[in-house]
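**Q** Residues per chain, in single letters:
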Amino acid sequence: MNDLAGTRRLMRLVMRRDRLLVPPIYLVFFIVVVSFVSSFEELYPTARERADYADINRSNGGFTTLYGRLYGSSLGELVAWRAGFLPVVIALVSLLVVIRHTRSEEEAGRRELLGATVVGRQAPLTAAFLASFIANLVLGVLVAVAMSARGLPGGGSLALGLECAGAGILFAAIGAVAAQLTSSARGAWAISAIALGLSVLLRIVGDLSAESNGTVAWMSWLSPIGWVQRLRPYADEQWWVLALIIGATGALLALAFRLSDRRDLGAGLLPQRLGSATAAPSLRSPLALAWRLHRGVLGGWVAGFVVLGVVLGSLAESIKDMLNDNQDLEDIFSRTGGASGLVDAYLATIMSILGVFAAGYAIQSTLRLRYEESAGRLEPILAAPVGRLRWAASHLVFAILGPVAALTAAGLAAGVTHGVNTGDMGHELPRVFGAAVAEIPAVLVLTAFTVALFGLLPRLTGLAWAGLGMCLFFGLIGSAMKLDQWLLDLSPFTHIPHLPGGSVSATPFVALLVIAVAMAAAGLAGFRRRPVAD
Amino acid sequence: MTDAIAVTGLVRTFGQTRALDGLDLTVRTGEAHGFLGPNGAGKTTTIRILLGLMRADAGSVTLLGGDPWRDATELHRRLAYVPGDVTLWPNLSGGEVIDLLGRLRGGLNQQRRAELLERFDLDPRKKGRAYSKGNRQKVALIAALASDVELLLLDEPTSGLDPLMEQVFREVIQEEIERNGRTVLLSSHILSEVEALCDRMTIIRDGRAVESGSLEELRRLARTSIEATVDTVPEELRTLPGVHGFKEEKGGHLRFEVDNDALDEVLRRIAGAGVRSLISRPPTLEELFIEQYNRRPNSERQLGVSR
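Protein chains in written order, with UniProt numbering: chain A, 1 to 534; chain B, 1 to 307.
Hints in this document: simulated from the structure, not taken from any laboratory. Positions of the beta carbon are idealized from the N, C-alpha and C atoms, including for glycine. Among these hints, one or two may not hold up.
What the hints assert, rightly or not - Computed Cβ-Cβ distance ranges for the label pairs, DEER-style:
hint	chain 1	residue 1	chain 2	residue 2	range
1	A	L513	B	K133	43 to 51 Å
2	B	R255	A	L460	57 to 65 Å
3	A	P24	B	E175	52 to 60 Å
4	B	R129	A	L463	26 to 34 Å
5	A	G387	B	S60	20 to 28 Å
6	B	D71	A	V510	36 to 44 Å
7	A	A267	B	E115	31 to 39 Å
8	A	L460	B	R129	22 to 30 Å
Whole structure, please, built from the sequences with the hints as guidance.
**A** Here it is, written out as structure tokens:
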């Protein structure tokens, strides 16, 4: 047991460092779930109204994409369905916590400092996992207790709590494995982001297939996110899925500990390669350096967006099949554009998801400015004859054009696949492509918000992520929770028309671009005046 | 010839702390100037202001005839900087970083680059994340020294270098000064390094310069330590102004320190006491330095603690 010496102390350190990070985020998650109960009670007080609501929304492929499958129309089922996006964000937080306290610490050299004290070889990994485990368990218990306190069935409430906790714990274990593979925290991040993205994608494809009587419904069973949703809270709970979740977590943990036992401190499993002894002739400007630093991330995002575009675009036609067995609904929808209106609603939903993802990429690459600065790599550049604005511009080129390229690529991919499926390329491609490109102004507002933080409040650049979180939450829960319009208006994505299918005017786009330019200019002016590495 | 660096009355505060409190610093063109001071004395803040990375709250700063904040880009063509804690891009090799920084400055002497890689024994193919602290330091040093610039700003440049490499560093800097006539500002803790390389030096403490001049000049201001064996102990030495830490051991053996302006008087008294042996030793830089360290903040010379 010597390998675990000091775990308890390290766990306290982890919790101390995360006390302003994890509890507030989890508290928001908890409040969101609980408030779904009252919103649904208020908006759809009778069983009949809930049944109608469920019928309409079950056939909306966009909702299936976002939240998963809706099994019935009871209050509990509606709440659990609407909370279906939570496992993904909980998974994200758990990955963050585990990698941050394992590989990031190791890369920064702090792990070495601890390793020289009475701390066992496996203690840091154990402590990081346990801290995340406990946080997720607490969230799960809170959700279960609060749900049954609101009068929902006890079994279903427990299952919903376990769905939340299970997603977090599973991905904490996935993060533990990813942290062993590469020597850089960024690499571990990339691996786990791909794992999470694949899980979500498999779940979406499987669920849409199940709703439209397709043949690949089994794909949801390949996804950890699919597993936790298959606990089916309030909808005839499938308790045996717990065994799958626990078994997979155990197996992943065993793998992580085995890998961590076999490798050296600081090393990854993937070997380090030697670089070039001299720089390529082109590496002679801040822009060339920025290209070196951004190109890997750019390639990853564009590739990911193309895959998303192809997969989500190819599913669009199958949305129509969701209506086949329901004549009443077909009548309702024929008044609002028929089955094609349903497809448009689905496409509009996935475009707004892609817009938020692209904003995440935009923030990530804009924060590179701050990252370079606080890592001490800005000073040597500025100590050469390079002006501050020139340096900032070299990174912003990629922070702006990268997300634009990703959205363009996704729009083209989705448009082409949907065009091929419908056999009407000339009609569908411009519509779908236009819908993707329409998200760009909103993305640029978040880029500019990040630049403003960097220039004016450099120590608070992390708030950029809070801004994105707000946009994401308003998009996911705004309509169900009846938030005030002025609050929703804070998110730039609120002002993007629902495309394809919606009506378009230039005003919101121009307004968003003006706001973006003003914020970016303020940020850059601030950066010119403030001390570097402050 | 103008001064390469002229700083007067420099003030910079961070909240409540006055990091620089009226600092004066003059570096003449073509000289190597040592910049000494305890941790947190304000050395790095000064260098960051000289680089235009930070603005001064008050005081005047001239660097190579320009304003380091306003003319930053132009001035940086003519200088190279080595930080005390070098961080590299994890996915760029050392060779790539050397080339990049050199080209940003407007060119790199390829022959010099190859020679420095050889002398510092650095493998330029390793990626940034694979270098040890000393090797990262070498990357920044080679990038700076292979550039054709007038002024080198070195902020504790040898931290992490092994003694062998420290020796190479001294040789290379010596050549730079003698052959190429470069101006060097060397901030350092390693006193032997400063003593070996620098013509003049400035000792800074609590954000102001407490001593400035050549080692000879600094010594003149300080005390000489005396060891003597005499037949009869001249008792008046105990109370003579300018004598510090007077100790008498068995057999008429004396040890004490004398302010240099009292040296003449003291020697005259000892001469009349039957001297059998006499050792007088000027203070080493280390002693000068430690004397400054031990002094209370903001106190003047007469409050000095005698050792």
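**Q** Are the hints correct? Go through all of them and say.
**A** Evaluated hints:
Between L513/A and K133/B the CB atoms are about 46 Å apart, so this pair conforms to the stated range of 43 to 51 Å. Here the CB-CB span from R255/B to L460/A is close to 59 Å, well matched to the stated 57 to 65 Å. For the hinted restraint 52 to 60 Å between P24/A and E175/B, the CB-CB distance of approximately 58 Å keeps it satisfied. A hinted range of 26 to 34 Å for the beta carbons of R129/B and L463/A is consistent with their spacing of about 29 Å.
Between G387/A and S60/B the beta carbon distance is about 23 Å. The supplied range of 20 to 28 Å therefore holds. In this structure the hint that D71/B and V510/A lie 36 to 44 Å apart at CB holds, the actual value being about 39 Å. The supplied range of 31 to 39 Å is met by A267/A and E115/B, whose beta-carbon atoms lie about 33 Å from each other. Separation of L460/A from R129/B is about 28 Å and conforms to the stated range, judged on CB atoms against 22 to 30 Å.
When the structure is compared with the earlier hints, no violation turns up for any of them.
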